[in-house]
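Sequences listed follow chains U and R, in order.
Going by numbering that gives the first Met the number 0, the first sequence opens with residue 0, and the numbers climb by one from there.
Going by numbering that gives the first Met the number 0, the second sequence opens with residue 0, and the numbers climb by one from there.
FYI, nobody ran anything at the bench for these hints, they're computed from the structure.
Among these hints, one or two may not hold up.
Said to hold, decoys possible - Per label pair, the in silico range of CB-to-CB distance: (1) U:E73 / R:T51: 27 to 35 Å; (2) U:E64 / R:G79: 22 to 30 Å; (3) R:R54 / U:A65: 35 to 43 Å; (4) U:E64 / R:T51: 37 to 45 Å; (5) R:T110 / U:E73: 26 to 34 Å; (6) R:A109 / U:L30: 39 to 47 Å; (7) R:E186 / U:L30: 47 to 55 Å; (8) U:R24 / R:R27: 51 to 59 Å; (9) U:R39 / R:L138: 49 to 57 Å; (10) U:E64 / R:D153: 37 to 45 Å; (11) U:E73 / R:V224: 25 to 33 Å; (12) R:Q200 / U:A65: 27 to 35 Å.
Glycine included, every Cβ here is placed at the ideal spot set by N, Cα and C.
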Amino acid sequence: MQVLINSEDRAYPECIWQPPADIYRIEQGWLVKLDLAGVRSEDIHLSIQGQHLIIQGLRRDWIVEAGQQYYSMEIAYNRFKRVIEFPNHLEHARITTQYRDGMLLIWLKTAPQGGV
Amino acid sequence: MEHSTYPTLPLKNTVLFPHLVLPLSVGRSGSIAAVETALASEDKLIAVFPQTNPRTEEPTEDDLFRFGTVGIIKKMARSGDTVQILVQGIERVERLEVAQSEPYLSLKVATLSEPSDTGTEIEALHRTVIELAGRMIELVQPQVQVSIHHIISDVEKPLHQIYLLTSVLSLDFDKEKELLGASTQAEALHLMYRYLNHEVQVLEVRQKITSTAQTEIDKKQREYVLRQQLEAIQEELGEKNPEQAEISELRRRMEETELPELVRKEVEKELTRLERMPSAAPDYQLTRGYVELALELPWNKTTEDRLDLKRAREILDEDHFDLEDVKERIIEHLAVMKLNPEAKSPILCFVGPPGVGKTSVGQSIARALGRKFERMSLGGLHDEAELRGHRRTYIGAMPGRIVRAIRRAGYKNPLLMLDEIDKLGRDFRGDPAAALLEVLDPAQNVEFHDNYLDLPFDLSKVFFVTTANTLDTIPRPLLDRMEVLRLPGYSDEEKQHIARRYLIGRQIREAGLSEIQLSIPDETLSYLIRRYTREAGVRELERVLGRIARKVATQVAAGQTQPVTVTPKELVELLGPERFFAEEVRQQLPPGVAAGLAWTEAGGDILYVEAALLPEGKGLTLTGQLGNIMQESAKAAQSYLWSHTEEFKINQKTVRESGVHIHVPAGAIPKDGPSAGVTMATALTSAYTHWPVRNDTAMTGEITLSGLVLPVGGIKEKVLAAHRGGIRQVILPKENEKDLRELPEHVRQSIQFILAERIEEVLTAAIPELNRLHNRGAA
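Same shape as in the complex, but just chain U:
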């Protein structure tokens, strides 16, 4: 029996996949960009726990055309979860999101950087 073991999956066994993310340091705080193509915005759930930003949700597939046959599939569906740790507490951060072209942009605006 051959089993593929995915360490990411093992880290969060309750989720099926993890969306890739880019993280930027911006003047007011942080910008997180998540590849969440095909995920309905209502299926995305954000939460803050201390220094952690938790993004979880569900990607559902939909039928494009009747009578189609699946030939190859590489996109992960179903539950996803991503936990991103930051160096500072995020409790008081102001969060704004934008879902644009399949990417979820999350601004975490904390207190302005002293002297910058």
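Fit chain R to the given chain U structure using the hints.
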């Protein structure tokens, strides 16, 4: 408990566990349809159930195991008629009912909540299982240095760890199914423990078997490799095996040695035979020994003679006192060798009593000539084969003594001393004397044939010297081959010189003393010679001197520092009571007793002949172990007297009426020889006339029936014995006068010699009364 309906994928030989990802190849049409249905769903979920019997091709609900896993298809790819999918297990489910069976199987399942039972038992089981799993990994793949803890480090729950372990350990299908069916952690752990325990035991036994087999193989392998190496080394050295190496070595020696053509051919032949012979063959060692002998024999090796006569003379003088005749003869011999190297070497035979230096004269000759000295004793040799070798067909065959001596010498021209040639035996095993004839005959020994060697060896360059105590027992033909050189005994004075020059110093050194520590004055030495030794040679004298030296050494070792001078009185203390008495001459000789002089192997001796008349007795009785010749001498003496009774005033009646008994004491010693003739005649005359014989007179000589006194041998020994015994008048045959020259001057001076031609002269010299009668008669 949630109930859901999923398209269902039956698995033939594998089990999907929650939290594990499993690649699957889907080929059956129903299965493909189920996968496609799952893919078409939003969440891509599919129920995966192991079949109860893997061989069922179109399984229905009843062919599936009760428990299965709901998984999500993460990836999919189509290749030909099969669909490759990657399924990640999510949770355990239990099938409830069939939702649909065509075109694919769809089951209604109940989701089973994940067990979360805890406790000490689970903890203990968990640890044991991890330990066992580690052991098993070790046993299965010892070369993989991955610890079980590393594999399961990221997984916290024991159940998840067990699921993960299934992917690491190769459990069989049924066991995996059972494990999937476990509803609690404890149950899963128990199952896992059972599997692992069994597995580990099996593996351990297997490992033991393997390692035993491996050890066996390793040993064989090692031996094989070593043998290969050995072979390679030997091949490199040109030695295929030890025997081969030995033969090659022999062959090399043969090539390097200068051998006569005949010998080379023979050795070559034997070597070839040896090469073809297995080393275990009984002949192998014999043949090898033979080849070695043939190669070692000095076929052409000779030492160069140093023929410097002056130096030779010096060496002989240095080593030996007196022996003038012998030395002169040896020098003559060397001179001939110098002038005519091709002359056949005559064989010298040194005859003399023990201890007079026969062997050492031989050694001196070898030293003077620069030849190797080899000695072999023939004493008690019975077997001809001993001398000439056994034929090689006999087991334990050996070359004869002659060949062995030559081999030891290493040169073909050594001085070979054949000791005790007079003691050669002779019996059913052959006649060694006959073999010696061939050895000693210059005409034959050019091609001496040893039975073992079986090749002619040239003995003509060997300088043979033989020694004997007496010539009597040497077979005549053998004696003919040799030139006899007599080494007579030494007189007391000569012994004294020899002791001074050679013996005392040697014994002092041997005892570890210095010459200052022990001195033996002349007086002591002469006392010693007369009272403690009675021999012709000096062997006993040397032994006695050695005893004195050792006694003194004992004293010195005990701490005495004063030099010791041995006086005659101290001799008793050192050596015990005197062994011989100088006054062995009988003080008063009764009528009928006369002193004769005898030659013995140990030198000369005084021998008393006693004659007694037996009234009314008859004839002549002889006692004292007398040999034939001596008995004949007695009869001749008696007959002569009887026919001359008038002349000696012997009473005819007495002659007629009494028998005669002649006895020669020292009865245990056999005595033979004619030289007691005059003594017996004298004793008889004395007995018949009742006039005693002079007690200071001794005599020797053969007697004839007509009264002639004939010469005898061994004059020097006899006179020396008389001198030792204190005799002042010696009667000798006239013809022996020339022998007197051999005597030392002081002996000649102290003894009065009567040289007799006829018995009457002997009798008148020996019996004073008869002398007076004669004088009166003459007057």
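Which numbered hints fail: Of the numbered hints given earlier, those the structure breaks are 11, 12, listed in rising order.
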